[in-house]
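**Q** This is what each chain is made of:
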Amino acid sequence: MFSHESVQTVAEGIFWFFVLVTFCGAILAVSARTLIRRVAGLALCFTGVAGLYYFLSSPFVAFMQMLVYVGALCVTITFAIMLAETSDANRPPRRHKLSLFLGAVASCAITAALVALSIERLPGPTRHLRRYREPSSA
Amino acid sequence: MHYASLSQNLETYLVIGAALFGLGLFGMAMRRTFIGMLIASELILCGASVNAYGSWPL
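Just so you know, the sequences run in chain order A and F.
Here the first sequence stands for residues 530 to 667, where the numbers follow the numbering used here.
Here the second sequence stands for residues 2 to 59, where the numbers follow the numbering used here.
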């Protein structure tokens with residue numbers, strides 16, 4: 530009933546769901562208008578990354594990620610925002626379209642350079658991750 | 002490239018880490034409040050962590 534291929538496909542679907550959650554949280558964290566929404570996006574991003582750590586065969590790190598980043602860091606930042614009292618009157622003005630565009634271009638250029646470096650420098654075409662080894666083949 | 006097994010490749014996680022790094026860098030460049038820059042720096046650290054755990058046996 531559950532063949533290896535179907536389980537692999539479902540696992541792949543869950544992986545892409547967590548990637549979507551991560552990027553939605555990250556985009557919310559950099560482009561929301563109020564600070565509370567940015568922190569909420571950051572918490573969502575950390576939850577997605579914790580799900581990604583499961584696919585890197587480290588569930589303990591996923592647990593520690595949820596505990597430390599979401600449970601301690603985001604709560605601390607929320608308390609800092611609550612105590613800082615950023616009122617709407619003295620909020621910094623909206624940046625010009627040109628500086629936004631230049632910042633986006635610069636970060637895209639750096640990201641593209643990192644991606645080009647990371648795909649090029651690996652030995653061989655693909656490099657498979659280490660999975661759980663069965664006891665018979667250890 | 003087999004799209005059905007992208008979660009098993011290493012390059013996927015490096016691309017995810019690079020994208021998180023780029024988004025955090027963009028958030029730091031926007032520079033609206035100090036806590037906003039702190040949030041973006043946490044994004045950068047997260048991207049670095051995903052890169053590190055993806056290539057851990059290296």
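Among the hints, a few may not be true.
The following residues of chain A were derived to be distant from chain F, with all beta-carbon distances above 10 angstroms [what the hints assert, rightly or not]:
(1) Leu564
(2) Met595
(3) Leu602
(4) Lys626
(5) Leu627
Ranges between beta-carbon positions, derived for each pair [what the hints assert, rightly or not]:
(6) A:Phe589 with F:Leu46: 26 to 36 angstroms
(7) F:Leu46 with A:Cys637: 13 to 23 angstroms
(8) A:His625 with F:Phe35: 12 to 22 angstroms
(9) A:His533 with F:Leu46: 19 to 29 angstroms
(10) A:Leu627 with F:Pro58: 17 to 27 angstroms
(11) A:Gln537 with F:Phe35: 22 to 32 angstroms
(12) A:Phe531 with F:Ile36: 25 to 35 angstroms
(13) F:Ala49 with A:Phe630: 24 to 34 angstroms
(14) A:Leu612 with F:Ser6: 42 to 52 angstroms
(15) F:Pro58 with A:Lys626: 22 to 32 angstroms
(16) F:Arg33 with A:Leu549: 19 to 29 angstroms
(17) A:Gly600 with F:Phe35: 36 to 46 angstroms
(18) F:Arg33 with A:Leu646: 39 to 49 angstroms
Treat the hints as calculated values from the structure; they're not laboratory data.
None of these values were measured; they are calculated from a predicted model.
From the three backbone atoms N, C-alpha and C, an ideal C-beta is built for every residue, glycine too.
**Q** Which earlier hints turn out false for this structure, listed by number in ascending order?
**A** Failing hints, ascending: 1, 3, 6, 9, 10, 11, 12, 15, 17 and 18.
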